[in-house]
Amino acid sequence: AQTVTQSQPEMSVQEAETVTLSCTYDTSESDYYLFWYKQPPSRQMILVIRQEAYKQQNATENRFSVNFQKAAKSFSLKISDSQLGDAAMYFCAAHLNTNAGKSTFGDGTTLTVKP
Amino acid sequence: DVKVTQSSRYLVKRTGEKVFLECVQDMDHENMFWYRQDPGLGLRLIYFSYDVKMKEKGDIPEGYSVSREKKERFSLILESASTNLTSMYLCSTQPRLSYEQYFGPGTRLTVT
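First to last, the protein sequences are chains A and B. Residue 32 in my numbering sits at position 32 of the first sequence, and the numbers go up by one each step. Numbers given in my numbering equal positions in the second sequence, counted from 1, plus 115.
Where hints are given, some of them may not hold.
Pairs of lysine to any residue, SDA-like flavour, derived with a Cα cap of 25 Å [stated by the list, open to error]:
hint	chain 1	residue 1	chain 2	residue 2
1	A	Lys102	B	Gly155
2	B	Lys185	B	Ser197
3	B	Lys172	A	Ser28
4	B	Lys118	A	Ser28
5	A	Lys102	B	Arg211
Read the hints as simulated data drawn from the structure, not as lab findings.
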């Protein structure tokens with residue numbers, strides 16, 4: 001079975017500090033896509049960042065970057081210079097079979113940002 | 116910008132009622148999904164659709180059905196509401212060759 005695991009149900013970070021959210025996945029596929037989504041309290045879930053498995057370079061989007069370790073099947077999200085608006089639930093997701101439509105989501109990590 | 120709308124943000128229904136949740140997208144995406152979100156359980160896939168009149172069961176289809184008569188609209192139907200169906204329901208769309216998903220605001224359903 002293809003699974004996505006987020007081992008940290010809750011994390012907290014001080015404003016302006018850096019935090020890393022962990023995600024591991026299990027697949028026998030060689031071609032797949034990985035995503036981090038953000039769901040702020042009572043607001044719509046949005047895509048934060050995506051990584052194609054065939055790319056060795058880690059994806060970055062402004063203050064958000066990933067550490068993609070394909071051999072270890074690890075895909076962590078680093079948030080630099082944390083801001084109060086980063087407080088949200090973060091979901092790791094994997095599109096593990098490019099021939100099927102669906103993605104598999106982790107259980108989520110709730111990030112608190114302390115002023 | 117992709118816009119995904121859901122018919123209600125909050126809904127309260129009685130046990131045994133039939134419930135319709137509607138999702139509409141404006142970006143001509145082929146794939147649409149219905150998820151259920153519960154604390155500690157992440158997102159669980161109920162049903163998805165690759166095209167008009169096409170549907171496939173997800174991981175937890177029991178108690179639900181879906182309808183996709185038009186490309187932009189994907190409806191989730193709870194045939195007979197029960198308290199264990201109280202949850203947040205999320206709709207999403209996905210362009211076929213891109214794989215990321217675009218979510219609606221969610222419908223928080225309470226069954227009493």
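Taking the hints in turn, this is what the structure says about them:
1. A:Lys102 - B:Gly155: Answer holds: Lys102 of chain A to Gly155 of chain B is near 20 Å, not above 25 Å.
2. B:Lys185 - B:Ser197: Roughly 28 Å separates the two Cα atoms, so the pair is violated.
3. B:Lys172 - A:Ser28: Distance ~23 Å between Lys172 of chain B and Ser28 of chain A Cα, so the pair holds.
4. B:Lys118 - A:Ser28: Cα-Cα ~34 Å, so violated.
5. A:Lys102 - B:Arg211: Status holds; Cα separation ~11 Å.
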